[in-house]
Amino acid sequence: MNIRNGLSKLAARLRGAPVPDDIIIRLRWFLLFMAILAIYIGLQMGDDWYVKDSATYDWARGLGY
Amino acid sequence: MALPIKGITPFFRLPVQVVSFATHRLGIFRKLPDGWHAEIPRTSAVTCGLNCQACELAWLGCPTGMLQQYVIDKRFPFYIIGIMLLVGVTIGRAACGWICPMGLILDVINKGCKPKYTPPEWMRYIKYVYLGGLVVMAFATSLIFFCRYLCFGAVLGIIPYWLTWQTVSYTWLFYHLGAFAFYLTFSFYVGGRAWCRYFCPLGALLSLGGVFSMIRLHYNWVWCTHCDICKKVCPMGIDPTKTTTLKNRLECIKCGRCAKKCPNKCLSVGPAPLFTPGKDEKVTKRVPVGDARPVGEVQASNHK
Numbered sequence: 001m002n003i004r005n006g007l008s009k010l011a012a013r014l015r016g017a018p019v020p021d022d023i024i025i026r027l028r029w030f031l032l033f034m035a036i037l038a039i040y041i042g043l044q045m046g047d048d049w050y051v052k053d054s055a056t057y058d059w060a061r062g063l064g065y
Numbered sequence: 001m002a003l004p005i006k007g008i009t010p011f012f013r014l015p016v017q018v019v020s021f022a023t024h025r026l027g028i029f030r031k032l033p034d035g036w037h038a039e040i041p042r043t044s045a046v047t048c049g050l051n052c053q054a055c056e057l058a059w060l061g062c063p064t065g066m067l068q069q070y071v072i073d074k075r076f077p078f079y080i081i082g083i084m085l086l087v088g089v090t091i092g093r094a095a096c097g098w099i100c101p102m103g104l105i106l107d108v109i110n111k112g113c114k115p116k117y118t119p120p121e122w123m124r125y126i127k128y129v130y131l132g133g134l135v136v137m138a139f140a141t142s143l144i145f146f147c148r149y150l151c152f153g154a155v156l157g158i159i160p161y162w163l164t165w166q167t168v169s170y171t172w173l174f175y176h177l178g179a180f181a182f183y184l185t186f187s188f189y190v191g192g193r194a195w196c197r198y199f200c201p202l203g204a205l206l207s208l209g210g211v212f213s214m215i216r217l218h219y220n221w222v223w224c225t226h227c228d229i230c231k232k233v234c235p236m237g238i239d240p241t242k243t244t245t246l247k248n249r250l251e252c253i254k255c256g257r258c259a260k261k262c263p264n265k266c267l268s269v270g271p272a273p274l275f276t277p278g279k280d281e282k283v284t285k286r287v288p289v290g291d292a293r294p295v296g297e298v299q300a301s302n303h304k
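Taken in order, these protein sequences are the chains called A and B. So the first sequence is residues 1 to 65, counted in the numbering used here. So the second sequence is residues 1 to 304, counted in the numbering used here.
Hints may be right or wrong, so weigh each one.
Claimed, not checked - With a cut-off of at most 35 Å between alpha-carbon atoms, the simulated DSBU-like pairs for lysine-lysine come out as follows:
1. Lys232(B) to Lys9(A)
2. Lys114(B) to Lys9(A)
3. Lys231(B) to Lys9(A)
4. Lys231(B) to Lys247(B)
5. Lys74(B) to Lys9(A)
6. Lys261(B) to Lys9(A)
7. Lys260(B) to Lys9(A)
8. Lys265(B) to Lys9(A)
Read the hints as simulated data drawn from the structure, not as lab findings.
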């Protein structure tokens, strides 16, 4: 019970804590670069934007409907 | 020095949502009876909203469905993670408030909701459990488990699919309609976007990148009379005035309802500082913004 209370208090404190804009700005550009890199790698590994196998009406049948 | 308000009060969200919904449903032109039949490709390009790929009318994939497909195929989802991170870092959860097709449906439903119950805060973590469970269950069962059993968004897909092909069994149809009814009942008592707040795994995915979003709420504390209208109208159940907290950065969908309802125009949705907070950003926390009036004067004008 104490652990649960402690965790919920910690979570509440973290969620209520202000996040400094300096940190956000620095990480934002890094994450943006990582996002573009991930998309580039994804597209290099396959034509993921247009995969006919999973892009037909059979998609729904694949769900078991 | 007086500074201008950063951002705008978004009155044009509904038209944007409608256009987004229609764009996601462009596949409807495949089903035109006789005559002209448009070649709308069914791509696996993902959108940033719940848009069931199973739907006859969809031409863009849902990231949650695609993510599960990647896990089942034992491939690392670089593409999905990249797209979600890109959307998260640029517009963040504004995608939920402005673009998501399910968001429009929820907003319409919420018009009739009468909130009577506030769920405990820990329920907000359910969406992260959903997100983790989605990956684990897809890996364990080799099924698109989440969409098949738990997804609210499947309603968007299964009804048009059933209407056009009628190959869906009644069991699945009524199962999904039942799940939809459950969420509607929950929303009726909780109000706001209960699905987005507590359950949506896509919202969870977007919120992780959304902490760094280039769009944010701006709060002018000088004009604020602490009437708390913004808190009451917020569909995500957060305090919009605490703009810099982690909770707001994770949860705010930038729908601008708080900005629209604020009698003193203290809140607005606009771009976040992109490079350094700089002097202006720091100054706004200390000095009145725009043609700010003293709090007493604003209160007096409200009582006229």
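Structure-based check of each hint:
1. Lys232(B) to Lys9(A): The given pair, whose Cα atoms are some 24 Å apart, holds under the 35 Å limit.
2. Lys114(B) to Lys9(A): holds (30 Å)
3. Lys231(B) to Lys9(A): holds (22 Å)
4. Lys231(B) to Lys247(B): holds (14 Å)
5. Lys74(B) to Lys9(A): violated (38 Å)
6. Lys261(B) to Lys9(A): holds (32 Å)
7. Lys260(B) to Lys9(A): holds (33 Å)
8. Lys265(B) to Lys9(A): holds (33 Å)
Consistency note: the structure conflicts with earlier hint 5 alone.
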